[in-house]
Amino acid sequence: AQKVTQAQTEISVVEKEDVTLDCVYETRDTTYYLFWYKQPPSGELVFLIRRNSFDEQNEISGRYSWNFQKSTSSFNFTITASQVVDSAVYFCALVRVDNFNKFYFGSGTKLNVKP
Amino acid sequence: EAGVTQFPSHSVIEKGQTVTLRCDPISGHDNLYWYRRVMGKEIKFLLHFVKESKQDESGMPNNRFLAERTGGTYSTLKVQPAELEDSGVYFCASSQVGEQFFGPGTRLTVL
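So the protein sequences, as listed, match chains A and B.
Mapping of the first sequence onto this note's numbering: position 23 corresponds to residue 23, and the numbering continues sequentially without gaps.
Each number in this note's numbering comes from the position in the second sequence (counting from 1) with 1000 added on.
Since the hints were made in silico from the structure, they are not lab data.
Any given hint could turn out to be false.
Below 20 Å or equal to it, Euclidean Cα-Cα: the simulated SDA-like pairs (lysine to any residue) are [unchecked claim]:
(1) Lys110/A x Lys1044/B
(2) Lys1044/B x Val97/A
(3) Lys1044/B x Pro40/A
(4) Lys102/A x Gln1096/B
(5) Lys110/A x Glu15/A
(6) Lys114/A x Glu10/A
(7) Lys3/A x Asp1056/B
Here are the in silico distance ranges between beta carbons for each label pair [as the list claims (entries may be wrong)]:
(8) Asp1056/B x Lys110/A: 39 to 47 Å
(9) Asp1056/B x Thr9/A: 26 to 34 Å
(10) Lys16/A x Leu1111/B: 40 to 48 Å
(11) Pro115/A x Ser1058/B: 26 to 34 Å
(12) Asn67/A x Glu1083/B: 38 to 46 Å
(13) Pro115/A x Val1038/B: 29 to 37 Å
(14) Lys1041/B x Thr20/A: 18 to 26 Å
(15) Asn52/A x Gly1071/B: 14 to 22 Å
(16) Ala81/A x Thr1073/B: 41 to 49 Å
(17) Arg1064/B x Asn112/A: 32 to 40 Å
None of these values were measured; they are calculated from a predicted model.
Glycine included, C-beta positions come from ideal geometry on N, C-alpha and C.
Generate the whole structure from the sequences, applying the supplied hints.
Right, here's the structure in full:
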């Protein structure tokens, strides 16, 4: 069975602080995809990143970076120099390669960035 | 290009009533999905349409939920009769190949 755990329910930081959102997953599959989505106050889920389980290279996109560690089944997301606009709920998700149509989401982490 | 749209954005109904949620996918997307987030928990898969056919409905909670996709275009999700535990946010997503694009969700409150 597939499971994604986001243990941090809510995090509050002050603007310009760095913050890491944790994501731990469970799957027996050797090949899978991992995703991060952002849900701003407007409600829609905004795609941030997709990572294939074969690719363990960390990725950086502007102030965002992702640390994928297959050995610990984690796919953590770090925001550097956080901004108020980063306030949102962030979801981590896993998708099986043999059924790309079914997402397994975590429960989300609400990030509050205060000015 | 318009994204995935959902109607209504909010719905408040009483237990026992019927509610119908609508999703309009991105034009040309054959795949349409319904998900639900209940009480701040994880977003759970409900079902997947390919055009007008149900490809996977393994996530549908019970027979009070009925999803349809007329002509392979928009989709409706009917809850009849609604129960308190049905409260939550219902997301719709669509895709052609690969990435799913999500709508803003419908927040359903059952009193």
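So, going through the hints one by one against the coordinates:
Restraint check: the Cα-Cα separation between Lys110/A and Lys1044/B comes to about 18 Å, which is no more than 20 Å; the hinted pair holds. Distance hint between Lys1044/B and Val97/A is fulfilled; the C-alpha atoms sit about 18 Å from each other, no more than 20 Å. Restraint check: the Cα-Cα separation between Lys1044/B and Pro40/A comes to about 19 Å, which is no more than 20 Å; the hinted pair holds. For the proposed pair Lys102/A and Gln1096/B, the alpha carbon gap of about 14 Å is at most 20 Å, so the pair holds.
Distance hint between Lys110/A and Glu15/A is fulfilled; the C-alpha atoms sit about 15 Å from each other, no more than 20 Å. A C-alpha spacing of about 13 Å is found between Lys114/A and Glu10/A, which places the hinted pair at or below 20 Å, so the restraint holds. Note on Lys3/A and Asp1056/B: the hinted pairing holds, with a Cα-Cα distance of about 19 Å set against a maximum of 20 Å. In this structure the hint that Asp1056/B and Lys110/A lie 39 to 47 Å apart at CB is violated, the actual value being about 29 Å.
At about 29 Å, the beta-carbon gap between Asp1056/B and Thr9/A stays in the expected band of 26 to 34 Å. One distance hint, 40 to 48 Å for the beta-carbon pair Lys16/A and Leu1111/B, holds here, with the actual separation near 42 Å. Separation of Pro115/A from Ser1058/B is about 44 Å and departs from the stated range, judged on CB atoms against 26 to 34 Å. Look at Asn67/A against Glu1083/B: about 41 Å separates their beta carbons, and that is inside 38 to 46 Å.
Look at Pro115/A against Val1038/B: about 32 Å separates their beta carbons, and that is inside 29 to 37 Å. Checked against the hint of 18 to 26 Å, the pair Lys1041/B and Thr20/A passes, with Cβ atoms roughly 22 Å apart. For the hinted restraint 14 to 22 Å between Asn52/A and Gly1071/B, the CB-CB distance of approximately 35 Å leaves it violated. Distance hint check for Ala81/A and Thr1073/B: the Cβ-Cβ separation is about 44 Å, which falls inside the suggested range of 41 to 49 Å.
The beta-carbon spacing between Arg1064/B and Asn112/A, approximately 36 Å, falls within the hinted interval of 32 to 40 Å.
Comparing the model with each numbered hint stated earlier shows that hints 8, 11, 15 do not hold.
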